[in-house]
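Residue numbers (the working numbering): 59 to 172.
Among the hints, a few may not be true.
Distance windows between CB atoms, simulated [to be verified]:
{"no.": "1", "residue 1": "Thr96", "residue 2": "Ala154", "range": "22 to 30 Å"}
{"no.": "2", "residue 1": "Thr96", "residue 2": "Gln144", "range": "34 to 42 Å"}
{"no.": "3", "residue 1": "Lys163", "residue 2": "Pro111", "range": "15 to 23 Å"}
{"no.": "4", "residue 1": "Val151", "residue 2": "His129", "range": "38 to 46 Å"}
{"no.": "5", "residue 1": "Leu159", "residue 2": "Arg117", "range": "18 to 26 Å"}
{"no.": "6", "residue 1": "His129", "residue 2": "Ala103", "range": "17 to 25 Å"}
In the DMTMM-like style, the derived pairs of lysine to aspartate or glutamate whose C-alpha atoms are separated by at most 25 Å in a straight line are [said to hold, decoys possible]:
{"no.": "7", "residue 1": "Lys98", "residue 2": "Glu160"}
{"no.": "8", "residue 1": "Lys168", "residue 2": "Glu118"}
{"no.": "9", "residue 1": "Lys116", "residue 2": "Glu164"}
{"no.": "10", "residue 1": "Lys98", "residue 2": "Glu118"}
{"no.": "11", "residue 1": "Lys163", "residue 2": "Glu147"}
{"no.": "12", "residue 1": "Lys116", "residue 2": "Glu160"}
If you are wondering where the hints come from, they were derived from the structure by calculation, not from laboratory data.
Quick reminder that beta carbons are idealized off the backbone N, C-alpha and C, glycines included.
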Amino acid sequence: MQVLLLVSQGVPFSYFYKYVLRSKDRSNKKVEPTSNETIKQSVIAGLGISVMPVIGIKRELNDGTVVIIPHTKLPIKTNWNLIWRQQKELSPVASAFLKHLEDHKESILKEFKT
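Construct the entire structure; sequences and hints are all you get.
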């Protein structure tokens with residue numbers, strides 16, 4: 059039986075997996091480290107498995123230190139948004155960055171998919 063490494067309270071993944079484990083009446087061993095980096099290093103050390111966003115493990119995926127376990131029923135989807143203070147005009151650099159994201163959205167999305 060694998061140890062399930064869950065991030066501590068307050069993170070959507072932790073709520074979801076606690077619900078799933080409770081609803082399936084699973085008594086799997088679990089550990090709750092306090093940071094994603096701790097979880098990642100614990101997985102690398104062979105201490106268990108976890109659910110993490112790809113952005114946090116991109117380097118480790120590329121160098122083969124970790125692998126994604128194929129799972130078709132994982133219902134977690136996230137959305138990220140650009141935010142800025144409403145009363146403040148965007149700086150030239152911020153405007154250029156926003157334009158870059160808009161112009162290259164497809165290639166950026168492709169880069170972060172596994």
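Right, here's what the structure says about each hint:
no., hint, result
1, Thr96 / Ala154: 22 to 30 Å, "violated (36 Å)"
2, Thr96 / Gln144: 34 to 42 Å, "holds (36 Å)"
3, Lys163 / Pro111: 15 to 23 Å, "holds (19 Å)"
4, Val151 / His129: 38 to 46 Å, "holds (40 Å)"
5, Leu159 / Arg117: 18 to 26 Å, "holds (22 Å)"
6, His129 / Ala103: 17 to 25 Å, "holds (22 Å)"
7, Lys98 / Glu160, "violated (31 Å)"
8, Lys168 / Glu118, "holds (18 Å)"
9, Lys116 / Glu164, "holds (18 Å)"
10, Lys98 / Glu118, "holds (9 Å)"
11, Lys163 / Glu147, "holds (23 Å)"
12, Lys116 / Glu160, "holds (22 Å)"
Consistency with the previously given hints fails for numbers 1 and 7, ordered from lowest to highest.
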